[in-house]
Amino acid sequence: MTEIVTKNKKKIVTTLPSDIDQVGVVVKYDILKYLRSRRLLGMIAIEALVLLLITALPPLLGHQYSSNADSFVNTYASFVTILVVIGATLFAGDAIVSEFQSHTGFLLFPNPVKRWVLLAGKFIASMGAMFLVLFIYYGVALGLGLAITGSFSTLGAESLLLAMLYAVAALAVGYLVSSAMKGATGSLILTFALFLFIFSIVTQVLSVASVDPWFILTFAGGTIGYITQVPYPVNSSNTFGNGGQTITMNTFIPDVGVSIAVMVGYIIVALVLSYFFFKRREMAA
Amino acid sequence: MTFMNDPIVIENLTKNFNGFRAVDSLNLKVKRKSFVGFLGPNGSGKTTTIKILTSLLSATDGRAYLEGVDVAQDPKKALAQIGAVVETPEFYPYLTPVETLAYLGELRGISNKDLKQRTKEVLETVHMTEWVDKRIGKFSKGMKQRIAIAQAILHEPSILILDEPTSGLDPRGMFEVREILMELKKQDYTVFMSSHLLNEVQEVCDEVALINKGQLLRNGPVSELTGADKRRRLEIKTIQPMSEEWLGRISNLHDVSELEIAGPNIFVLSLAGGDEAQANLLRELYGLNLEVISFKESGMALENLYMSLIKESR
Chain A
-15 MTEIVTKNKK
-5 KIVTTLPSDI
5 DQVGVVVKYD
15 ILKYLRSRRL
25 LGMIAIEALV
35 LLLITALPPL
45 LGHQYSSNAD
55 SFVNTYASFV
65 TILVVIGATL
75 FAGDAIVSEF
85 QSHTGFLLFP
95 NPVKRWVLLA
105 GKFIASMGAM
115 FLVLFIYYGV
125 ALGLGLAITG
135 SFSTLGAESL
145 LLAMLYAVAA
155 LAVGYLVSSA
165 MKGATGSLIL
175 TFALFLFIFS
185 IVTQVLSVAS
195 VDPWFILTFA
205 GGTIGYITQV
215 PYPVNSSNTF
225 GNGGQTITMN
235 TFIPDVGVSI
245 AVMVGYIIVA
255 LVLSYFFFKR
265 REMAA
Chain B
1165 MTFMNDPIVI
1175 ENLTKNFNGF
1185 RAVDSLNLKV
1195 KRKSFVGFLG
1205 PNGSGKTTTI
1215 KILTSLLSAT
1225 DGRAYLEGVD
1235 VAQDPKKALA
1245 QIGAVVETPE
1255 FYPYLTPVET
1265 LAYLGELRGI
1275 SNKDLKQRTK
1285 EVLETVHMTE
1295 WVDKRIGKFS
1305 KGMKQRIAIA
1315 QAILHEPSIL
1325 ILDEPTSGLD
1335 PRGMFEVREI
1345 LMELKKQDYT
1355 VFMSSHLLNE
1365 VQEVCDEVAL
1375 INKGQLLRNG
1385 PVSELTGADK
1395 RRRLEIKTIQ
1405 PMSEEWLGRI
1415 SNLHDVSELE
1425 IAGPNIFVLS
1435 LAGGDEAQAN
1445 LLRELYGLNL
1455 EVISFKESGM
1465 ALENLYMSLI
1475 KESR
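So the protein sequences, as listed, match chains A and B.
Mapping to our numbering: the first sequence position 160 is 144, numbers consecutive.
In our numbering, each number is its position in the second sequence, counted from 1, plus 1164.
Source of the hints: derived by calculation from the structure; they are not laboratory data.
Please note that the accuracy of each hint is not assured.
Derived, one-sided and incomplete: chain A residues facing chain B with beta-carbon distance under 7 Å [stated by the list, open to error]:
{"hint": "1", "residue": "1"}
{"hint": "2", "residue": "2"}
{"hint": "3", "residue": "4"}
{"hint": "4", "residue": "6"}
{"hint": "5", "residue": "11"}
{"hint": "6", "residue": "20"}
{"hint": "7", "residue": "82"}
{"hint": "8", "residue": "96"}
{"hint": "9", "residue": "97"}
{"hint": "10", "residue": "229"}
{"hint": "11", "residue": "232"}
{"hint": "12", "residue": "234"}
{"hint": "13", "residue": "237"}
{"hint": "14", "residue": "263"}
{"hint": "15", "residue": "265"}
{"hint": "16", "residue": "266"}
A few chain B residues facing chain A, derived, Cβ under 8 Å [said to hold, decoys possible]:
{"hint": "17", "residue": "1222"}
{"hint": "18", "residue": "1225"}
{"hint": "19", "residue": "1226"}
{"hint": "20", "residue": "1250"}
{"hint": "21", "residue": "1253"}
{"hint": "22", "residue": "1267"}
{"hint": "23", "residue": "1268"}
{"hint": "24", "residue": "1276"}
{"hint": "25", "residue": "1280"}
{"hint": "26", "residue": "1295"}
{"hint": "27", "residue": "1319"}
{"hint": "28", "residue": "1320"}
{"hint": "29", "residue": "1343"}
{"hint": "30", "residue": "1344"}
By construction, the Cβ of each residue, glycine as well, lies at the ideal position given by its N, Cα and C atoms.
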């Protein structure tokens, strides 16, 4: 820690905190901002709606719940990626760009805080908010599974771990977009669009071209749902048509190990690039 | 370099924006405990210089030091020495003034006990004690500017850097901020304040640095700079309408220059000399049978100096 000695007759002594301590301060106040701005509460409200629909619709439509805990949780796990997309948009989509666009950077950046400290603090706060959403979601799903089937879904717990990793990767991509974009609205839309359909379109096109889209983040995120299926599905290929004209449709299933590596790769590359853009970015106007 | 006496030192500072040179080899030293007005027209490079000093922009060339610390080399240490209000900062709308000050105070390492005490003191200084628990999102521009000043002085920095602190405020807001500035002047701060409001600078600053096109035109104590320029600008209103003939006769009078028509029966001129020259001019105007309705100084000494320097640098 550096003690700053000023030439003033100061009534107070300020000991400049270490970078790590400052990360903690940024996390604390960014979490407070999420709470006050009602983004976190809004996210939890969406989550509650999703949980309600998944839980209430089957009996209302006359369907029985699955008696197998893993199969029960699978229905919930299939919708997690949507929650992660919304979370990444709300918690990461404008996290950096808004400091520049809304001029809060004029308040924050002239303070003795390194850019990586701000990035790390904000990112950890976003992770905290996203993990809270996931814990509530899986807590309800696993709890209901235990209550209804009488057994705990260990594959559901593994799905949670994959969901957490996927969420961190999605947030990292959101931060990258937010660091590179000029406007907050554009950044939010691009983050949402990337996960909702841009990655999906690329995955579909690659599949049609018989190219395994293992390196696409949303494809890797598919493991969150697949892992609760027993047995774990495998790649398949179907040929349609008769006579001379046939069409072969490939269905690619992400491998868990490869997908984990892909998600970690996205996290590292996106955060490094995000820092690069954030550090270089000037508060010009 | 004498960092002990000059807490702000700018050396050959240059900033280019896509080929446009906003700051051009600027050199400046700010003396400890001085209140320096950084004066220049819009686009002269004031805000760019201040943004480089506060690490919001990086310099293309040259160096800026705060308490002897190179801002580009060690921004964390350099920025620990200062409090700054740059442009019109926005606040996190969901936080209250107390929470905002706590956030920035904790980042600067102020202990909880000191933070509580200082928050109370600075909010009193900027007259915002009634609003401590209200969310800033609902505040007016003037109130936000007062909170901005509060955060700048929270940690009792040795240097205060203020970028047009009254910009965009209504007359009441400007008056309130100026009162706060006058209060700060009595304390131990070294203040470096950009402005294009000449009356503001003359009112609160004891030194001035004039800049145009990114280059320093003149700097020094206000009294010395204005005293060095012995000319005064006068505005004269007459019964007779002004004509070329009248202008020709008036321009031949003693110590008169820069004569211009400012209205149907108004003209302005520059007069070299002091009070005696001014009294003599009035006598000479009567001698020309010119019926004078009003005869007054137009603008302040600093304004006259500023305008002539800006004209010369064009």
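Hint check:
no.	hint	verdict
1	1	5 Å, holds
2	2	9 Å, violated
3	4	13 Å, violated
4	6	6 Å, holds
5	11	11 Å, violated
6	20	3 Å, holds
7	82	10 Å, violated
8	96	4 Å, holds
9	97	5 Å, holds
10	229	57 Å, violated
11	232	53 Å, violated
12	234	49 Å, violated
13	237	44 Å, violated
14	263	10 Å, violated
15	265	10 Å, violated
16	266	5 Å, holds
17	1222	7 Å, holds
18	1225	15 Å, violated
19	1226	16 Å, violated
20	1250	5 Å, holds
21	1253	4 Å, holds
22	1267	5 Å, holds
23	1268	6 Å, holds
24	1276	11 Å, violated
25	1280	11 Å, violated
26	1295	17 Å, violated
27	1319	5 Å, holds
28	1320	5 Å, holds
29	1343	22 Å, violated
30	1344	17 Å, violated
In terms of the numbered hints stated before, the structure departs from hints 2, 3, 5, 7, 10, 11, 12, 13, 14, 15, 18, 19, 24, 25, 26, 29, 30, listed from lowest to highest.
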